[in-house]
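Required output: the full structure, derived from the provided sequences and hints.
2 protein chains.
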Amino acid sequence: MHLGDLDTPSLVIDLDRLRVNAAAMRERCRRLGVRLRPHVKTTKCVDAARIQLDATTGPITVSTLAEARGFAAEGFTDITYAVPAAPSSGPELCRLAGELERLRVDVDHPGTVDALESAARRAGVRLELMLEADCGDHRCGVDPRAATSIELARRIAASPDLDFAGILTHGGQSYRSRQRSDAATVAELERDTMVAFADRLRSAGLEVGEVSVGSTPTVTAAHHFDGVTEVRPGNYVVFDAFQAAIGSCSVDDVACWVVSEVRGVYPQRRQLVVDAGALALSVDPGPRHVDPGCGFGLVCDLETGRPLSGLTVVKLSQEHGLIQADDDVDVSMLAPGDRLRIIPNHSCLAIACHETVHVVEGDRLVERWRPIRGW
Amino acid sequence: MHLGDLDTPSLVIDLDRLRVNAAAMRERCRRLGVRLRPHVKTTKCVDAARIQLDATTGPITVSTLAEARGFAAEGFTDITYAVPAAPSSGPELCRLAGELERLRVDVDHPGTVDALESAARRAGVRLELMLEADCGDHRCGVDPRAATSIELARRIAASPDLDFAGILTHGGQSYRSRQRSDAATVAELERDTMVAFADRLRSAGLEVGEVSVGSTPTVTAAHHFDGVTEVRPGNYVVFDAFQAAIGSCSVDDVACWVVSEVRGVYPQRRQLVVDAGALALSVDPGPRHVDPGCGFGLVCDLETGRPLSGLTVVKLSQEHGLIQADDDVDVSMLAPGDRLRIIPNHSCLAIACHETVHVVEGDRLVERWRPIRGW
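Protein chains in written order, with my numbering: chain D, 1254 to 1628; chain L, 1254 to 1628.
Hints are computed from structural coordinates only; laboratory data are not their basis. These figures come from a predicted structure and were not determined experimentally. Accuracy of the hints is not assured; some may be wrong.
Each pair may be met inside one copy or between any two copies, as identical chains are not told apart.
[Said to hold, decoys possible] Cross-link-like lysine to any residue pairs, in silico, SDA-like; alpha carbons within 25 Å at most:
#, residue 1, residue 2
1, Lys-1568, Arg-1322
2, Lys-1568, Asp-1416
3, Lys-1568, Asp-1414
4, Lys-1568, Leu-1318
5, Lys-1568, Gly-1558
6, Lys-1568, Glu-1620
7, Lys-1568, Asp-1269
8, Lys-1568, Asp-1390
9, Lys-1568, Asp-1300
10, Lys-1568, Ala-1350
11, Lys-1568, Trp-1622
12, Lys-1568, Leu-1459
13, Lys-1568, Arg-1431
14, Lys-1568, Arg-1541
15, Lys-1568, Asp-1435
16, Lys-1568, Leu-1442
See below:
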């Protein structure tokens, strides 16, 4: 089966490019002296993670309990759940901790620590907790400069049912970068904040085993990781139009796209409708801060993957993608049934739209993967 | 099982409200003298459609071949596929046409008509085609004033393998309404355009059986449907935050929401993080033209469903929803584990995020439905 034979819309991953991206990040982390704990939320696919880890079974990062369960069932043994846990998830986390060599759980609130401690005590297991800190992204995490943050770490370390495994952050503000040097600045802030936080905790008499940071833009751009023990990028394994726009990669490095078919051609308004809508591409505003006219995905030639200049996905409705052509482009060159490759703005969200990922080598379909969706 | 016991995030549909919405639309269409052919793409659930159709098995509108196959397999016999068909879908459409009492297929391009005609000839079936016209939304459809549009209808009607079943439009510009009266204006334009197009076709000697229009805002707001034979609203069965903002319904009419749990509380920046992110709510910018600060969903009390003023979903990442509180709201009133009801901006997209729809009567879980996802 070949690219041209897939039903559309279909999500495609290019295996060769994914392998190259995976190997490049392993090599980068080896050179920079940090452990790579890839975030598997991007593909949610066990086979992709195996390639990322060079056929080993850990360490990985997950974003949902469904991913934790699914990857554990496939033999992954070292998992960090990097979203602040729900207090009610204690029993399930304890069960998973009993199955795995290592499970680490993200917390940033005393109430959650209390709940997980009670669950651990009842289950007769020790839970390893990572304290999430906010390095400026202002999504999750304790304030690393606050006295209460030291207190929370101390409370975890003092518990007979919990282990204080270390500290964790996500420099998500790196997604506001305009270029690689901006992401390098965020990477340095991310690193610096966490090294300073670790120092403060150590000064307070606490042992800080893990100092975990990372996002694809920061890990791609960072100059060094002194004082950091591990990084958790995820998107790098396939990249997307956003990462290409902010300089984390080139468009050629992107290993993920949607094969879409033209359904309508409207020469008078220089527009096309394709069958990749909001449910196939996901809706992500994209790198508007870099390119206000970026649209909802990058329209490329099906065979070569080269961007087709002058075509912009200006609107997504449920099952329709509306493509606007520039003045000098004649959309009559295309007809219903013609196929386009559309690189999503955000591959993590786009892949999660699909029950099946079609894995190709060149033009040939070689595997089908199933993302572990849901929660 | 009760609302408070569901895993989070979970998609919930309120059965009583859905029944009321379904009955109200049936009654409205009966009064206005048009056939109701609900678009099932909103819930993609067979059980919802059965309620919409008062336990009959048609007519319905679908947006994907997967929906057509799925609903046909469950006994629905009269289906309109209201997205311009792919030329390559001819064989499958012919197979479906052979199974159903009636299948109607949307076309707006001569190349697609040629392909479907060839497929029908090979399969030995007649395919019923609906010619889509553009009434001003500028997504799909032929220009109803163009001579080529009459020619295309004539070409379909003249084919020994095709039936010209009528004309179809979607006044999607109704989503730019600010209030119900704006949608009524679009409804009149939608109706007027199609009645005029039907007249032109009839003057050219063509029989126009069906004149099909509709969107939830226009069907909800229209004063009359003279000259129209059927309407195809979909969203009305559950509504959403967008429809409430533009006046298609009140917030109390909305029958669909996501149950979400607080994971993080950040009093200094007056923010909360909940476990309903982009993969649970879907990303839809919402009714910004009416309410620039609408955010990515309407935060409500779990039990009462009443909107909680001063809380806005300002950002969605993959598994995190970031809620900003107004100056006078103290987020410390909430703690991890507390639950909120979030009404999505766009229920069609939100429901499609979920493998399971949890159907409740009051606080009690009574059924689980499975949307027919994919393509």
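- [ ] Would you list, in rising numerical order, the hints stated earlier that this structure does not obey?
- [x] Result: hints 1, 2, 3, 6, 7, 9, 10, 11, 12 break, sorted rising.
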